[in-house]
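Work out the full structure, taking the sequences as your base and the hints as a guide.
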Amino acid sequence: MNTSNKISRRTATLRLAAMAGGAASLGALPSLAFAQSSFPERPITLIAPFGGAVDFLARQIALHMAKTLNGSMIVDVKLGGSGTIGLSAVARAAPDGYTIGMGTSTALTSAPHLIKNPGYDVNKSFTYLGLIQTTRQVLVVSPALGVNTVAEFIALAKSKPGKLNFGSSGIGNSIHLAAEQFNADVGIQAVHVPYKTGPETDAAIIAGDVHYAWQSVPSSIALINAGRTKALAVTGETRDPALPNVPSIKEAGYNVLLPEQLFGMVAPANLPPDVYAKLSGAVKAMTSDPEFQAIVRKGGGSPSQVSGEDFTKIVARDSKLWGDLIKRLNITPN
Numbered sequence: 305m306n307t308s309n310k311i312s313r314r315t316a317t318l319r320l321a322a323m324a325g326g327a328a329s330l331g332a333l334p335s336l337a338f339a340q341s342s343f344p345e346r347p348i349t350l351i352a353p354f355g356g357a358v359d360f361l362a363r364q365i366a367l368h369m370a371k372t373l374n375g376s377m378i379v380d381v382k383l384g385g386s387g388t389i390g391l392s393a394v395a396r397a398a399p400d401g402y403t404i405g406m407g408t409s410t411a412l413t414s415a416p417h418l419i420k421n422p423g424y425d426v427n428k429s430f431t432y433l434g435l436i437q438t439t440r441q442v443l444v445v446s447p448a449l450g451v452n453t454v455a456e457f458i459a460l461a462k463s464k465p466g467k468l469n470f471g472s473s474g475i476g477n478s479i480h481l482a483a484e485q486f487n488a489d490v491g492i493q494a495v496h497v498p499y500k501t502g503p504e505t506d507a508a509i510i511a512g513d514v515h516y517a518w519q520s521v522p523s524s525i526a527l528i529n530a531g532r533t534k535a536l537a538v539t540g541e542t543r544d545p546a547l548p549n550v551p552s553i554k555e556a557g558y559n560v561l562l563p564e565q566l567f568g569m570v571a572p573a574n575l576p577p578d579v580y581a582k583l584s585g586a587v588k589a590m591t592s593d594p595e596f597q598a599i600v601r602k603g604g605g606s607p608s609q610v611s612g613e614d615f616t617k618i619v620a621r622d623s624k625l626w627g628d629l630i631k632r633l634n635i636t637p638n
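Just so you know, our numbering puts 526 at position 222 of the sequence shown, and the rest follows in order with no gaps.
Treat the hints as calculated values from the structure; they're not laboratory data. Cβ coordinates follow ideal geometry from the N, Cα and C atoms, glycine included. Hints are supplied without guarantee of correctness; some may be wrong.
[Stated by the list, open to error] Computed list of lysine to aspartate or glutamate pairs in EDC-like fashion (alpha-carbon distance at most 16 angstroms, straight line):
id: 1; residue 1: K554; residue 2: E541
id: 2; residue 1: K382; residue 2: D359
id: 3; residue 1: K428; residue 2: E613
id: 4; residue 1: K588; residue 2: D614
id: 5; residue 1: K371; residue 2: D400
id: 6; residue 1: K371; residue 2: E595
id: 7; residue 1: K588; residue 2: E555
id: 8; residue 1: K500; residue 2: D489
id: 9; residue 1: K371; residue 2: D593
id: 10; residue 1: K462; residue 2: D489
id: 11; residue 1: K554; residue 2: E613
id: 12; residue 1: K617; residue 2: D425
id: 13; residue 1: K624; residue 2: D425
id: 14; residue 1: K467; residue 2: D513
[To be verified] If you anchor each label on the Cβ, the simulated ranges turn out as follows:
id: 15; residue 1: A455; residue 2: L561; range: 13 to 23 angstroms
id: 16; residue 1: A598; residue 2: K631; range: 34 to 44 angstroms
id: 17; residue 1: S592; residue 2: R543; range: 17 to 27 angstroms
Listed below in structure tokens is the structure:
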């Protein structure tokens, strides 16, 4: 483990003592209340399936949830498999509440359609605790491409079928699939060039190695504001507060369904009801906290207060969308 990972682990750990006399006051309450008060009795591990912005958000989650739980939480970053390595570790963990994880769009809605044995079933392996943040995507192009609107870009692409290429941070993730969905909806034929990370994709756009990409808003703001890449539209029906000068795809005249990227909390299936109540309550308290909401907005995301039940429904919806697209376009992991 390198020094930065050690620092991340240390900074993600928060130990708070329970209020004095709390245990004594609960002694007269029913046994269920006593069970609730005893959790957590040891540190909770929060698994982050990606590094970078996901790791940072996980550390903020650990700090804020620990306040509500009066316990401690440690972030464990498990990389690989488009997020499936981390989430499979959550799925295999004991359903006692001491291992939870961050569920993302790629790991929950697209990777399971491309990876033969991801290590979990999104419908059966998890208890969904709540959706905490969504981020939108932005169509970015190289300034050298010479287009200023979505209409100009589409016209150029259609005039050169198969000649333009687009980048993404891997095959089958939500960024790649958003581009494929957009291409199919507006009738563009282009060549996919996968990279390992979002920054590598940005570098390729700046260098002119690829012509465009759908990137997450948080990862693209700095380069857009610096004029190194050009933003043509953001997903959704309205403008994104983080990019107020960039029109939405609907505002630009195109009714293209590109789901937002999801960041939520999951735990192993079959959590005891009292443990579920504690964890879901901590998630709700965190997402209602103006301080946490400000952290999310500063990072370019939109705070969410969606319940675990509704989060489950959103995952099912997006999983079907991406699964159908993957089959229709015969997208493979290689």
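Cross-check of the supplied hints:
{"no.": "1", "hint": "K554 <-> E541", "result": "holds (5 angstroms)"}
{"no.": "2", "hint": "K382 <-> D359", "result": "holds (10 angstroms)"}
{"no.": "3", "hint": "K428 <-> E613", "result": "holds (13 angstroms)"}
{"no.": "4", "hint": "K588 <-> D614", "result": "holds (13 angstroms)"}
{"no.": "5", "hint": "K371 <-> D400", "result": "violated (19 angstroms)"}
{"no.": "6", "hint": "K371 <-> E595", "result": "holds (13 angstroms)"}
{"no.": "7", "hint": "K588 <-> E555", "result": "violated (33 angstroms)"}
{"no.": "8", "hint": "K500 <-> D489", "result": "violated (26 angstroms)"}
{"no.": "9", "hint": "K371 <-> D593", "result": "holds (11 angstroms)"}
{"no.": "10", "hint": "K462 <-> D489", "result": "holds (13 angstroms)"}
{"no.": "11", "hint": "K554 <-> E613", "result": "violated (29 angstroms)"}
{"no.": "12", "hint": "K617 <-> D425", "result": "holds (14 angstroms)"}
{"no.": "13", "hint": "K624 <-> D425", "result": "holds (14 angstroms)"}
{"no.": "14", "hint": "K467 <-> D513", "result": "holds (12 angstroms)"}
{"no.": "15", "hint": "A455 <-> L561: 13 to 23 angstroms", "result": "holds (19 angstroms)"}
{"no.": "16", "hint": "A598 <-> K631: 34 to 44 angstroms", "result": "holds (41 angstroms)"}
{"no.": "17", "hint": "S592 <-> R543: 17 to 27 angstroms", "result": "holds (25 angstroms)"}
In this structure, the earlier hints numbered 5, 7, 8 and 11 are contradicted, and the remaining ones agree with it.
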